[in-house]
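Undergrad: Hints are included, so try docking the two chains, each in its own frame, into the full complex.
Top line first, the protein sequences correspond to chains G and A.
For the first sequence, our numbering gives the first residue as 4, with consecutive numbering after it.
For the second sequence, our numbering gives the first residue as 95, with consecutive numbering after it.
Capping the alpha-carbon separation at 25 Å, the derived lysine-lysine pairs in DSS-like fashion look like this:
1. A:K235 / A:K152
2. G:K179 / G:K216
3. G:K216 / A:K152
4. G:K252 / A:K152
5. G:K454 / G:K102
6. A:K152 / G:K179
Far from chain G, some chain A residues (derived; all Cβ distances over 12 Å):
7. P153
8. R201
9. Q278
None of these hints come from the bench; they were simulated from the model.
All C-beta atoms in this analysis are idealised placements derived from N, C-alpha and C, irrespective of residue type, glycine included.
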Amino acid sequence: MNQVSFNNGDADADVVIVGSGVVGALIADQLAGEGHSVLVLEAGPRLDRADVVENWRNFSFERRAGNDFQGPYPQSPLATAPLYWPANDYIELSGPDGKGFKQGYIRAVGGTTWHWAASCWRHLPVDLKMKSTYGVGRDWPIGYDELEPYYCRAEEAMGVSGPNDPAQQSPSDRSKPYPADMIPWGNGDEVFAQVVNPHGYNLVPIPQGRMVKPWQDRPACCGNNNCQPICPIGAMYNGIHSVEAAERKGAHILAESVVYKIDTDENNRVIAVHWYDTNKVSHKATGKTFVIACNSIETPRLLLLAANERNPNGIANSSDQVGRNMLDHSGFHCTFLADRPIWLGRGPAQSSCMVGPRDGPFRSEYSANKIILNNISQIHTATKKALAMGLVGEELDTEIRRRAAYGVDLSISLEPLPDPNNRLTLSKTRRDGHGLACPDIRYELGAYARKGYDKACEQLEHIGKLFNAEEFHITTDLNANNHIMGGVIMGASSKDSVVDGNCRSFDHANLWLPGGGAIPSASVVNSTLTMAALGIKAADAISRELAAA
Amino acid sequence: MRKSSFFAFAALALGFANADAQPSAQKFSAKEIEQGRYVAIAGDCAACHTAPVHPGEKPSGEMAGGYPINSPLGAIYSSNITPSSRYGIGAYSEAEFARAVRSGIRRDGAPLYPAMPYPSYAKLTDADIHALYAYFMTAVKPIDSAAPTTNLPFPFNIRTSMRIWNAMFVDEQKIAADPARSAQWNRGRYLSETLGHCSTCHSPRGLMMQESKSAPLSGGPLGSWFAPNITSDKVSGIGGWSREEIARYLSTGSVPGKGQAAGEMAEAVTHSFSRMNPADVQAIAEYIATVPAVRDDSDKQAAYSFGHSANFETALRGDSKPALGSKLYSGLCAACHGRNGDGSPDGTIPSLHHNSTVGASRSDNLVSVILHGVDRTVGDRHVLMPGFGEASFVQSLTNAQIADLATFVRQTFGPGDSVTEKQVAVARTGSSFSIILLVVRSAMVLGALLLAGIAFWRLRRTSGGKTA
Numbered sequence: 004m005n006q007v008s009f010n011n012g013d014a015d016a017d018v019v020i021v022g023s024g025v026v027g028a029l030i031a032d033q034l035a036g037e038g039h040s041v042l043v044l045e046a047g048p049r050l051d052r053a054d055v056v057e058n059w060r061n062f063s064f065e066r067r068a069g070n071d072f073q074g075p076y077p078q079s080p081l082a083t084a085p086l087y088w089p090a091n092d093y094i095e096l097s098g099p100d101g102k103g104f105k106q107g108y109i110r111a112v113g114g115t116t117w118h119w120a121a122s123c124w125r126h127l128p129v130d131l132k133m134k135s136t137y138g139v140g141r142d143w144p145i146g147y148d149e150l151e152p153y154y155c156r157a158e159e160a161m162g163v164s165g166p167n168d169p170a171q172q173s174p175s176d177r178s179k180p181y182p183a184d185m186i187p188w189g190n191g192d193e194v195f196a197q198v199v200n201p202h203g204y205n206l207v208p209i210p211q212g213r214m215v216k217p218w219q220d221r222p223a224c225c226g227n228n229n230c231q232p233i234c235p236i237g238a239m240y241n242g243i244h245s246v247e248a249a250e251r252k253g254a255h256i257l258a259e260s261v262v263y264k265i266d267t268d269e270n271n272r273v274i275a276v277h278w279y280d281t282n283k284v285s286h287k288a289t290g291k292t293f294v295i296a297c298n299s300i301e302t303p304r305l306l307l308l309a310a311n312e313r314n315p316n317g318i319a320n321s322s323d324q325v326g327r328n329m330l331d332h333s334g335f336h337c338t339f340l341a342d343r344p345i346w347l348g349r350g351p352a353q354s355s356c357m358v359g360p361r362d363g364p365f366r367s368e369y370s371a372n373k374i375i376l377n378n379i380s381q382i383h384t385a386t387k388k389a390l391a392m393g394l395v396g397e398e399l400d401t402e403i404r405r406r407a408a409y410g411v412d413l414s415i416s417l418e419p420l421p422d423p424n425n426r427l428t429l430s431k432t433r434r435d436g437h438g439l440a441c442p443d444i445r446y447e448l449g450a451y452a453r454k455g456y457d458k459a460c461e462q463l464e465h466i467g468k469l470f471n472a473e474e475f476h477i478t479t480d481l482n483a484n485n486h487i488m489g490g491v492i493m494g495a496s497s498k499d500s501v502v503d504g505n506c507r508s509f510d511h512a513n514l515w516l517p518g519g520g521a522i523p524s525a526s527v528v529n530s531t532l533t534m535a536a537l538g539i540k541a542a543d544a545i546s547r548e549l550a551a552a
Numbered sequence: 095m096r097k098s099s100f101f102a103f104a105a106l107a108l109g110f111a112n113a114d115a116q117p118s119a120q121k122f123s124a125k126e127i128e129q130g131r132y133v134a135i136a137g138d139c140a141a142c143h144t145a146p147v148h149p150g151e152k153p154s155g156e157m158a159g160g161y162p163i164n165s166p167l168g169a170i171y172s173s174n175i176t177p178s179s180r181y182g183i184g185a186y187s188e189a190e191f192a193r194a195v196r197s198g199i200r201r202d203g204a205p206l207y208p209a210m211p212y213p214s215y216a217k218l219t220d221a222d223i224h225a226l227y228a229y230f231m232t233a234v235k236p237i238d239s240a241a242p243t244t245n246l247p248f249p250f251n252i253r254t255s256m257r258i259w260n261a262m263f264v265d266e267q268k269i270a271a272d273p274a275r276s277a278q279w280n281r282g283r284y285l286s287e288t289l290g291h292c293s294t295c296h297s298p299r300g301l302m303m304q305e306s307k308s309a310p311l312s313g314g315p316l317g318s319w320f321a322p323n324i325t326s327d328k329v330s331g332i333g334g335w336s337r338e339e340i341a342r343y344l345s346t347g348s349v350p351g352k353g354q355a356a357g358e359m360a361e362a363v364t365h366s367f368s369r370m371n372p373a374d375v376q377a378i379a380e381y382i383a384t385v386p387a388v389r390d391d392s393d394k395q396a397a398y399s400f401g402h403s404a405n406f407e408t409a410l411r412g413d414s415k416p417a418l419g420s421k422l423y424s425g426l427c428a429a430c431h432g433r434n435g436d437g438s439p440d441g442t443i444p445s446l447h448h449n450s451t452v453g454a455s456r457s458d459n460l461v462s463v464i465l466h467g468v469d470r471t472v473g474d475r476h477v478l479m480p481g482f483g484e485a486s487f488v489q490s491l492t493n494a495q496i497a498d499l500a501t502f503v504r505q506t507f508g509p510g511d512s513v514t515e516k517q518v519a520v521a522r523t524g525s526s527f528s529i530i531l532l533v534v535r536s537a538m539v540l541g542a543l544l545l546a547g548i549a550f551w552r553l554r555r556t557s558g559g560k561t562a
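Chain A with its partners taken away, still in its complex shape (with noise of 0.2 Å):
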């Protein structure tokens, strides 16, 4: 019964797009595009849907698709969002549209992996949704080539489990206003909950790999990387930065003797914050300034409150044999951050202490920032600090090396503790864009959810014969 009633519930889904009006035949004003083209830009789209173009490489094309994602199942690829019929989304609905954005279904009826944040688009309002569906099928150039396919092996391949997923853990109630609030900082959590999915990597994940709703906004991991913990909390969140700060970082990446964007924070900030209208951007600074603070117990002071300018270079000029932590520092890191670790007066180099990624409770993001360095654009200035990983311009470093240097600069500037070759291998295995293991632990725990409906149905179908 429950099988016949979703088969004819995909009939009428299928029908219902048939008899939908083609995209080409609407008309859309000025204004309703030009709004879209901002809510992509909030949304940030691109950062996923264009892939970047390295080197030498042909590039795919704006919203093209094919960005891969590097996963030990093998490359996921972002999809061709261009309104090309064939390839793209061109002969969605923007009722199909719609659904594909908040709830994950594509076009085909197949549910989307996660790596899609539609758990936090499904709340988005239905203007704005019109308005992007506009951007896309009139702004957007179609490009007739298809992203590759994702091809991931079994039991991972099966999407349709994530329709269990979403019907767990996917919210598309509408955002009602607080009226206690002001006018800005419902706009701020309008955009921080919808198209800046600030959740999807900064609140911790429960066991089904869904956001936690108890204590939102508090960090998670992410790949090699650690999306800090964003509440009010004074000592483990970012209670200590002021809402200009908090605005200034949206928009710039970087606040000096606070801490500066890098993985994909970085790419956020390029691809949208820094785009965004001033006032939204205060409007989120706003909002995400008031999140209930979340405190663990064993941070004792600010990850931007570490360190002092330090001086070891007398030391190290007398030594023969110099601890290599301190030689690597002081040939591949002094000649930007200064032998103190000061950075550049002016700030464009950061400090090494008052440093977030340098004084975190966890040294994930500081071995991550060797590994793979900083790359960020706003406007038209591109910050880049090279990686020290594999094909490095300035050296590649084994994990030994960066452990070394790794740990001191944590003592030197942070708060004191140790890294480990370890932590660093695990860390270069992980992906520079690292939703990947959302995916795949998403993927694995709906392989399991998979295998218990498959036994459930089973159990059903048995006991039913019996009956029958």
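Chain G on its own, in the form it takes in the complex (with noise of 0.2 Å):
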């Protein structure tokens, strides 16, 4: 096993990687498993489990209830993540639906995957075909038959359970079955497919990355149902479970450890990184090969930070495209009362979804949508709106059980398209605290994604009907799912895109940026697996290199 050396503050490695989320910790777990000596920067803290669950247990109502997962986690004061409860504005949104792109994640050792609700979808075959199906987006230079084993190796790094009838499966198309079935329904699942599945909704098990039995030495799932801000129990793969498989294989993490410059030599190769300590003093890190791994906002922006005098637009730049082609799985709610009690809140937050409404020829005019059965207990909604109602004493207890019982949320994810237009750049008047530029968005939906929400509410309404909703309500403004997509984009060719099939940027052949910031289609469902896939398929791309050299 080869270890991380270390001279005067300064570091040399075999590899080595910015950032420690799920992408960076699997590449790191795998390399550093082979032998390879593999050194992780993160900008952010190292957290305590602990400590998040009991700030989330400590947070007012309002904060509670309004969903603000980005608060419970302490934050470095030199490398901040947005927060909304109030806004630190880190980053700047305009255009027309900039509002709709409040992004949340994690900047700690092992990422954004602390708080998620470890749905583990796969893309559709078809989703990498997009303008060869459908004449509308961009094709992917790889097809699913070359993702489909990576996709088997991230369900097993992360100990996934899924639906093993095929017919329950989104898509169908595997070579191995899930490390586990399904995570059995609920009640408000077996409700709801009773109901939606004769119309073609398609409600399935959506495969996540937790079991009901214990797997490795993670505990079984007990329903806690507080996926996000934070499993309490570590049930749900969390990307902290692979940076400390990792660091038992010998890879170095450095915990507060900005990145903010790249230095290349004259074929272009990158030779080292520099990283800010808490103390604001600079080191310097020297590799073979270089993996920077921050997600689709941070990687693009620490790539523009990074321009030198060969790369003066920024590093693997030379498309043009670092920064442009910013996507999510915009979203929005509908919730109503049902007539027949559905008690969501059983199990995990997300467990049921309908993907009839995935795929088919209308995608050549509008986008797709997925329909989450948000499984998140009705009982905040309940009590807010029992007491707006100006109830007391058992009336109020009434209404707020009759609410829990028969409230339904269900969250909608759209397919926007790839547009160059939507883009990142650096802000010329904000900076953060190691006087770095913060990153600025500009985010516009697109007519094909709006044109699909207005097909999503036709459908909505006829679920309404279904169950002859009371209180029915569709959302209008969008939220942000979180699932940032684009930056560094892959295709087939250096003109337009900035890394290939491997992730490997195509201006240097040392520099891997494996993540969502390549996934060029955004399809509707939780980008998480498809990022894992791709860093596996990098990591196995960086053997190869290595044991050539």
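TA: Below, the structure written as structure tokens:
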């Protein structure tokens, strides 16, 4: 096992990884396991689970009811992430739908999978061929068949439970079964499936990174139902699990180490990255191979910040695509009271989802969608409403019970198309604690997804009728889903893309930019499993490069 | 003279071994083999001789040994007991096999360390030994790989001194049936005293690490754990448990409101008790319930009887600087065990009040369970409470944090004493497979015996020289 070497605060390793989230951690775990020396530089702090759990429990009713999932996580003042209670304006949003791009992500060792629902969806094979099939968006330079083995490995690494009945799989193109069969459904999932499935909505179990039995050293999920902001028992996969696995194999993690500068040689290979420590002292990490896996906002931001003489528009940016094509599954909610008890809130936060509208010939005209039966306990919402009704005493209790039982919350995700005008740039005015420019993002949903919104509303109204819905409501403001993609888009050509099918940068032979930033088509499903699969694919490619050198 | 007679004995034994029939030529009936499989389960051979597989590791194979018992002196490895002639016990005759199981003597004449519970197996019937032999020779797959060699530093590497210990403490006399008792009780006694080897852990030990005969099953330390008093005393023992509860505990590892198996007892439940015939488990319960009561006068109430549903949540939420123990409890324990410590209504997750681990007079098991967690499988049901020691997937706690947490739990749900940081530090260095403490202590005693033996022999030789 090779060790990272340190000299006067500078470091040298075979592989230098910037970012310790799920993607960076899985790569670190694999390459350290192969005997390479691996240094991971993480901008944020190391967290203690109990602190975050208690921060959440100590929150005000308003912040809990408002889903302030960012707030419970301690941040480094030198490497902030967005906060919304109150807003810290770390990212300035603009454009027609800028307000719908309020992303939540965590800058800490282990990354944003500290707070996620652990939904582990795969893209459909056709999602990788949007241009050639439907004439919209972009094709990937790799096919689903090439990605499929990496999906399997990502599912294994993250301990995913999913339906082993092909009829309930989306997609059913699989070479291996899930590591564990689906998480059993609660009452709400069952009732919903009975009502909506005869109409083609195809409510299926969500594949998820947790199990109802122990998995390796992870306990069984016991249904706390607060996957977001944190699983209090570690039953849900968190990137920190892979970080710790990598550390046991010899990887070295440096927390609160903010990378800001990248050195390149005459062949435009990366030779070093520089980081600031908590005393704002700069250090240098040299290596053979470099990986930047800081999510789709911080990766392009770093590439732009690190512009140097040879790369004046930013590292890896000869195509001018760094920071462009910002994507998320812009979403909205539909709420109502059903005509029968649903009892949302039993089991994990997201357990079933309608995938009927996920694909079809209509995608040449408008966006697909997926409709999640948002399985979060309705007690907060019910209580707010019952209090607003002015009820007291037994009437108040009865009304809270009624609403908690009958309340429905559907979370809808759209598929925006990659648009170079949806762009991250560096702020000219706002700086972070190290004096580094903060990101600005301009975002517009686009006509394709806007039309998809209208079509989804028709479907929702139909679903509402099936339940004789009362207080039926569809939100008109878009919400972010924190599935940040784009920014270092993947493609076949260095002219219009930043990375190739292995997430290697076209400009720098030893620089890899794996993760969500590379994803060229959003699909409508949560992006983490695809990010992890791309990370493992990149790790294999890096491994081959290191072996050849 | 003593020496030469020893060599004569050894030569005789060797000659006997060579003359014995080769096992491959022997024929065993299917019934004998099946009985042997059951005896192997009841004796829990696999607990030590099948190394558990950790994620990413290659399994060494069933009964192939190699389970490392990490000690401050180095790793002690269980041996390959598959019928591989070269690496296992394939060349053992039945007599040699019996000698290894009952007397702790290998085929090559070297004594085993008493990590192998041969002092209990000594009383096995010939029929059970025969069946066990039949099973190992025919139904266990030979695995041709050597278990790693145990290399303890001097004087712990001298196995010979075990012979003296064996002569002093190993009683191979068979158990005579007690006609005053039921057949069920007699069966339970046989299983408990031989294959079940309850006393290996649950009996206190004397100066030479021999099992106490005066207060059997009244409890003994086991690395970082403490094998509790399981005599019929209502306060210090398990006299307050019904026979059904004892049987349920053995076959499932959990009796809500009483206790749950962790550590090595969880291994015994997983590999052995849960796979035994219900009638045999019931028989063990029948016998164990009658073991003469041993009372520790400092005990005032039964371990399972402490505590009640707690309510500290409201005070905690109003406190900007809560006591660390309660904050850790809320952050790391309450999500499963409940903010009141009630566990889950169906008992899947144990309550912390009315819990023998929390209420025990010693806090060893509470500290150990926080450090190492619980890992137990019964049938297809795997119970895993994560540990909070190193490399925890939930959160790794420091010694000080565990002391604060354990103190909070003891004071909220248990007898009310405190746990110190030092206590946790000691527990942390204890191996999770903690028969090691027994081995190390035995080895130290043996080292002393050996030195005494050498001195004695020199004295004899010196005096002999004078007379010659």
